[in-house]
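Trainee: Keeping their order, the protein sequence lines are chains L and C.
If you use the UniProt record's numbering, the first sequence closes out at 415, no skipped numbers anywhere.
If you use the UniProt record's numbering, the second sequence closes out at 290, no skipped numbers anywhere.
For the record, the hints were derived by calculation from the structure and aren't laboratory data.
These numbers come from a predicted model, not from an experiment.
Quick reminder that beta carbons are idealized off the backbone N, C-alpha and C, glycines included.
Hints should not be assumed to be uniformly reliable.
To be verified - Here are some chain C residues the structure puts well away from chain L; computed CB gaps all over 12 Å: (1) H30; (2) G264; (3) V272.
To be verified - No farther apart than 20 Å at their CA atoms in a straight line, the calculated lysine-lysine pairs in the PhoX-like style are these: (4) C:K285 with L:K245; (5) C:K112 with C:K123; (6) L:K242 with C:K285; (7) C:K123 with L:K241.
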Amino acid sequence: MAKFTKANSVGEWLDQRLNTTALNKVLMTEYWIPKDINFLWAMGVLLATTFGILVISGLFLMMYYKPDVNLAFDSVNYTIMQEVAYGWLFRHMHGVAASVVFLIIYIHMFTGIYYGSYKQGREMIWISGMLLFMTFSAAGFSGYMLPWGQMSYWAAMVITNLFGGVPIIGDALVVWIRGDFNVADATLTRFFMLHVFLLPIVIMGLIGLHFYTLRIPHVNNQSSEDIDFDAEAEKYLSGNKKESKVIPFWPIFISKDLAVLGIFLIFYFYLVFFHYNFAMDPVNFDPADNMVTPAHIYPEWYFLWSYEVLRGFFFDVGPIKAFDIGLAAFGFANAIFLLLPFLDRDPAVLPAYKRPGFNVWFWILMVDLIVLTVYGKLPPTGINAWVGFVSAMLFIILFLVLPIITKADAKKRGA
Amino acid sequence: MRELKILAVVVVFTLITYWGVEPFAHSQMHPHVEAADYQFKDVDGLGGLKGDAANGASLVQANCTACHSINKEGFPPVMDDATAAASYGVVPPDLSSSGKLYNAEYLAAFIKNPAKASKVEHKFVDGRVHPMPSYDWMQPQEIADMVAYLQSIAPEKMTNKEVFTDACQRCHGIKYGDMKGGSMAAKTPNEHIKAYMGKLPPDLSQYIRSRGESYLHTFVNDPQKHLEGTAMPRVGLTQEAEQQVVAYMQEVGDSKKAEREALGPKFLIYLVIFAIFAWLWKASKWRDVH
């Protein structure tokens with residue numbers, strides 16, 4: 001065992017046993033971040049904060065929520081909203097954060113794509129991030145069902161039905177997932193477990209992994225300049241702070257994050273108090289009724305783009321059913337982002353504005369995703385169905401041509 | 001400057017998406033309907049006649065009290081709610097407050113032909129008849145007298161809850177109104193109301209949130225506008241009574257509104273102060289490195 005001398009302070013006592021000084025250096029004061037970043041790099045801290053809000057507000061909600069089909073709706077809309085002191089505040093914080101977290105995830109994701117932060121050495125950052133996105137999606141979906149409202153019930157019906165499209169085991173798979181032949185009490189109880197325990201634990205693990213993946217390749221920067229972090233860190237430590245291209249995570253980087261967080265929280269709490277409705281579908285304030293379908297069934301806004309890819313293929317092609325084509329496209333849409341680092345064939349890490357072809361590709365993708373999102377909510381009839389089809393095709397084509405476009409960009413640069 | 005440009009791009013894309021999935025999508029899914037008509041211009045009402053309340057009193061007592069109670073005037077219900085519902089399909093309303101709740105033109109038209117005035121003739125075909133018979137055999141003056149009598153006995157003021165109870169609670173429950181006591185359940189027992197209406201009328205506890213105020217106004221004024229063929233009658237509420245109904249639904253369904261609106265600004269003021277200090281701290285830290 002190491003030798004312990006009498007400590008003169010609590011800090012010293014802890015340092016002797018936990019090596020807190022070294023830990024603090026590694027994680028905070030000598031964890032180097034490029035100086036050339038903009039506010040988009042604060043999205044990570046915003047996400048961590050929003051996740052924190054979700055966990056804490058969720059704990060309070062869990063104290064009063066009842067995962068039972070006969071009690072769930074009233075436990076949320078009466079007990080939590082009306083009886084529990086400030087229950088409404090925790091519910092609105094939770095509901096709004098669940099929606100806003102996806103907005104920030106998307107901004108975070110497209111920042112990464114725009115600046116090429118998924119490439120050459122940073123693949124694991126991207127992959128762990130996409131795994132986080134998928135787990136957040138599962139958590140969002142399972143949580144959406146818990147108040148047992150009419151829209152969430154039927155959304156669950158539609159989404160669980162999709163697994164019926166899996167060859168051979170499809171039907172059995174649907175029953176296995178629901179725990180019943182229908183979306184019923186067994187489904188609610190297991191979704192409750194997934195939402196409050198298993199998925200949050202997985203998310204926490206993935207957040208740890210995501211942070212860890214940044215350690216060796218380091219954070220990217222606005223111009224995607226390849227920085228020698230060791231050399232720049234030495235400059236900084238020798239007092240040459242203005243010339244050094246890096247800054248420590250604490251306190252320089254975090255001070256900017258907190259400033260951005262301040263603005264974000266104003267926006268977030270404005271929504272919580274004055275515009276919480278946007279995150280809560282009015283149809284969900286009707287209790288679930290398995291005898292009556294809502295006039296229009298659609299998921300929450302953050303799933304609309306992939307839902308529209310699913311719905312976009314509305315006609316059979318030869319012997320292949322529309323449902324199967326849609327399902328394959330849906331699977332493609334949900335998996336393809338994971339492969340992005342390998343579809344991008346440009347050997348250099350560069351921001352989009354320095355890659356002409358890719359730049360066009362990026363903005364078309366953005367517009368296409370918005371079109372998919374908007375049309376994902378509209379009834380899929382008449383012209384809407386064709387807009388859905390074209391934008392879904394465009395989405396798939398964009399990813400098929402990405403290797404060619406990125407290679408052409410590299411060639412033009414003479415790389 | 002560059003950061004502001006980036007922020008502008010993020011904000012514009014966010015707002016376009018928001019506009020598309022909220023205002024735009026909802027305008028597509030819920031077509032616009034005409035504004036509520038509180039004059040009930042389409043009904044065959046009083047026709048400009050002025051009623052005589054004293055004459056109306058004897059007419060009402062002779063024609064109406066066999067089925068309707070008028071508690072205020074000493075006519076108690078002839079049977080309990082369950083028996084009345086079994087006999088008529090639905091509990092007949094007490095007439096004490098009818099003169100206040102319902103528009104006079106509508107009331108006259110309803111006495112003449114209930115199914116027509118309430119726009120539910122589609123329900124009463126193939127030999128089925130509205131539980132209240134039509135009084136269109138009476139003289140228009142007599143009907144005007146009865147309306148005048150009902151108006152003369154109506155209370156000056158009613159609470160929001162009283163209006164809701166008299167106007168809606170025969171068919172609709174609003175259980176969050178008295179979650180523990182259960183007194184806000186529908187007065188007509190479930191099996192009877194289900195047989196009469198074709199389905200169980202919904203509990204209205206959360207309707208202020210699931211339908212929203214403006215939908216409720218146009219819907220209560222004329223249910224057929226939003227749900228063509230619905231079994232719910234047009235009840236003929238005056239604008240004031242309807243506002244009280246919706247206000248009660250808000251008191252019950254969104255009871256923490258006042259608390260929310262009081263706390264919100266304080267939260268935001270605190271956050272603005274936090275943001276200012278955060279930016280000052282940021283500026284002081286980054287001065288060293290720029």
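Trainee: The structure should be examined with respect to each hint, and the outcome stated for every one.
Mentor: How the hints compare with the structure:
1. H30: Non-interface label fails for H30 of chain C: nearest chain L Cβ at 9 Å, not farther than 12 Å.
2. G264: Check fails; 3 Å does not lie beyond 12 Å.
3. V272: Non-interface label on V272 of chain C violated, nearest chain L Cβ at 6 Å vs cutoff 12 Å.
4. C:K285 with L:K245: OK: K285 of chain C and K245 of chain L at ~15 Å, within 20 Å.
5. C:K112 with C:K123: holds (18 Å)
6. L:K242 with C:K285: At roughly 12 Å apart (the allowed maximum being 20 Å), K285 of chain C and K242 of chain L satisfy the hint.
7. C:K123 with L:K241: Not satisfied, since the Cα-Cα distance of roughly 83 Å exceeds 20 Å.
The earlier numbered hints that this structure contradicts are 1, 2, 3 and 7.
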